[in-house]
Amino acid sequence: MIERKVRTRFAPSPTGPLHMGGVRTALYAYLFAKQHGGDFLLRIEDTDQNRFVPGAEEYIIESLNWCGIKIDEGVSVGGKFAPYRQSERKEIYRKYAEQLVQSGHAYYAFDTSAELDAMRKQAEAAKNAFSYDSTSRMKMNNSLTVSKEETERKISSGEHYVIRLKVPEGTEIKFTDIIRGEVSFNSNLVDDKVLLKSDGMPTYHLAHIVDDVLMEITHAVRGEEWLPSAPAHILIYSFLGWETQMPQYAHLPLLLKPDGNGKLSKRDGDKLGFPVFPLEWKDPATGETSSGYREKGYYPEAFVNMLAFLGWNPGSEQEIFSMDELIEKFSFAHVHKAGARFDPEKTKWFNEQWLHRKPDAELASRLMATLKNQFQFSDDDRRLSESFLIKCVQLLKVRTQFENEFIEKGKYLFIAPTQYDEQAISKKWKPEFATFFQQLADALSNLQSFVSSEIESCFKEVAAKNNFKPGEVLQLFRIFLSGQSAGVDLFPMAEVLGKEEVIARQNEAFLNLKLQTPNRDGNH
RNA sequence: GGCCCGUUGGUCAAUCGGUUAAGACGCUUCCCUUUCACGGAAGAAUGAGGGGUUCGAUUCCCCUACGGGCUACCA
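In numbering that gives the first Met the number 0, the protein residues as written are 0 to 523.
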């Protein structure tokens with residue numbers, strides 16, 4: 000076979016937001032193309048006019064964009080095989096459908112939907128399944144059962160018709176799937192699929208084949224739900240004489256719900272407690288909003304990393320992969336055959352890993368923007384200085400999974416507490432500590448260099464002088480400074496806050512908590 | 001119902017006939033530690049069942065069970 004430049008495509012239908020399974024399909028197709036120096040295309044399969052949802056196409060493009068999946072060719076970027084929206088290619092497909100009729104591999108069918116529905120119901124009542132195929136087609140209303148003249152009359156008189164594939168009887172249809180190896184089907188089980196609908200639009204079955212060949216696609220990556228119709232597709236390629244141009248199929252395992260049964264579907268939305276969409280989506284019809292990974296605070300790197308690992312593994316112990324590393328290491332050989340149950344917990348872990356790897360300066364600059372936005376700090380406020388924010392970020396990042404938790408979890412770094420964990424205070428507090436804290440304040444104010452290590456040794460010295468174990472008073476000190484009994488490392492926190500702030504907060508805490516301050520003139 | 005695909009711990013999974021059956025998430029315990037985390041160490045937990053093939057099966061074949069998908073003029 001001739002070497003062809005690798006070209007893969009992602010071809011969603013714009014019937015709503017793209018869910019994470021779709022993103023994964025796009026991702027694998029993208030990774031494979033890029034690994035082979037090929038092209039990744041985006042084609043919009045909008046042949047079903049009834050299911051078209053406004054905004055869906057834009058959503059799909061924005062989602063891919065957010066994930067860092069770059070479109071080489073297709074809707075929104077153009078290319079030499081434009082247009083890339085199937086509704087705009089309508090006339091192209093008819094030609095091939097007619098060609099199939101001429102060559103005897105397809106036929107016109109005049110049965111109405113109502114008639115077909117009735118037949119299905121009837122079959123169902125008899126505990127059978129109706130199938131429009133070699134066993135039934137000669138009893139139906141189509142160009143095989145009606146004379147040529149009658150067929151022409153019906154068509155020219157404007158009667159509605161579809162074009163159906165004429166599936167041959169009793170042949171074995173085999174093909175090799177990149178992931179599943181050789182798959183074979185008996186043609187008797189393949190129905191005479193509609194190729195061209197009565198509105199003149201092609202069905203998926205015809206359209207994707209015509210486009211894949213015309214757009215020189217070499218590898219068609221799609222979900223496993225397409226496997227049962229693959230034999231029909233193989234047939235169409237061969238009837239059109241396109242065996243050598245047929246892309247190789249890779250049928251991906253499905254993404255399953257975490258709680259048990261069924262594939263992850265769009266309707267799951269937030270019912271399961273996690274987003275199924277990359278981006279937030281507002282349904283234009285119902286006004287309902289579904290949450291998205293982006294809005295929840297996930298990094299696209301983490302989202303992509305997690306998706307890549309749902310069904311694929313590198314065969315090594317490395318788990319954190321950038322897009323470039325994925326491009327280098329991805330392989331269909333390591334794609335699992337079974338469906339993967341999605342695990343929201345692991346997704347959070349991926350985000351945490353990416354957070355820990357983010358440069359402090361980058362985190363600090365975003366934190367600065369958020370602080371400016373959320374609090375009315377003046378521009379020269381020290382809390383907006385990079386050096387201050389970098390220290391805060393270093394303290395906060397190891398105990399958060401999401402960047403957007405920084406302010407919530409570390410608010411006391413920026414704003415003095417007004418409330419205190421009084422339960423912890425009352426448990427720990429002894430009147431004799433008052434003297435200690437007074438001495439501590441004095442000692443701290445005399446510190447030349449207000450850094451963590453100095454603060455710590457100062458603290459311990461004063462404690463020793465009073466015959467207290469540091470542990471007895473440390474927790475109180477923490478609460479005076481932060482209001483909370485849990486939080487970032489204490490002495491580094493004191494350093495970050497600065498000498499004046501530390502002393503001020505301690506005094507403030509004594510006032511707020513109405514703790515007895517030692518009488519300076521008293522006997523001691 | 002029919003057809004197709006699949007089945008290693010709770011979850012993601014490695015193994016491509018011979019291993020003490022990796023690793024990760026989650027969980028438990030311990031260490032570090034003022035706390036919460038991070039980090040480190042350890043632990044519990046897996047080949048659906050039954051037949052073959054083979055000196056030897058998680059690995060190859062068959063059956064059963066289970067799971068999933070498809071069965072539209074939707075994709």
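For the record, the hints were derived by calculation from the structure and aren't laboratory data.
Only a predicted model underlies this, so the values are computations on that prediction, with no experimental measurement involved.
Treat the hints with care, as some may be off.
[To be verified] With a straight-line cut-off of 25 Å between C-alpha atoms, the simulated DMTMM-like cross-links for lysine to aspartate or glutamate are:
id	residue 1	residue 2
1	281	44
2	270	242
3	256	294
4	173	158
5	138	151
6	153	90
7	147	114
8	408	488
9	281	269
10	94	269
[Unchecked claim] Label-pair distances were calculated between CB atoms; the ranges are:
id	residue 1	residue 2	range
11	377	326	43 to 49 Å
12	422	264	43 to 49 Å
13	260	213	35 to 41 Å
A virtual CB, placed ideally from N, CA and C, is assigned to each residue, including glycine.
Evaluated hints:
Distance hint between residue 281 and residue 44 is fulfilled; the C-alpha atoms sit about 21 Å from each other, no more than 25 Å. The straight-line distance between the Cα atoms of residue 270 and residue 242 is roughly 45 Å, outside the 25 Å bound, and the hint therefore fails. Taken as a hint, the residue 256 and residue 294 pair is honoured in the structure, with Cα atoms around 21 Å apart against an allowance of 25 Å. Only pairs whose Cα atoms come within 25 Å are accepted, and residue 173 paired with residue 158 is rejected, the gap being roughly 37 Å.
About 19 Å separates the Cα atoms of residue 138 and residue 151, which keeps this hinted pair within 25 Å; it holds. This hinted pair checks out: residue 153 and residue 90 have alpha carbons roughly 21 Å apart, not beyond 25 Å. Straight-line distance between C-alpha atoms of residue 147 and residue 114 comes to about 22 Å, which keeps the hinted pair within the 25 Å bound. The suggested pairing of residue 408 with residue 488 holds, with an alpha-carbon distance near 13 Å, which does not exceed 25 Å.
Distance hint between residue 281 and residue 269 is fulfilled; the C-alpha atoms sit about 13 Å from each other, no more than 25 Å. Using a Cα cut-off of 25 Å, the hinted pair residue 94 and residue 269 is violated, with the two alpha carbons roughly 44 Å apart. Checked against the hint of 43 to 49 Å, the C-beta distance between residue 377 and residue 326 comes to roughly 46 Å, which is consistent with it. Our hint of 43 to 49 Å for residue 422 and residue 264 holds, since their Cβ atoms are close to 46 Å apart.
Between residue 260 and residue 213 the Cβ separation comes to about 40 Å, which falls inside the hinted range of 35 to 41 Å.
Of the numbered hints listed earlier, those contradicted by the structure are 2, 4, 10.
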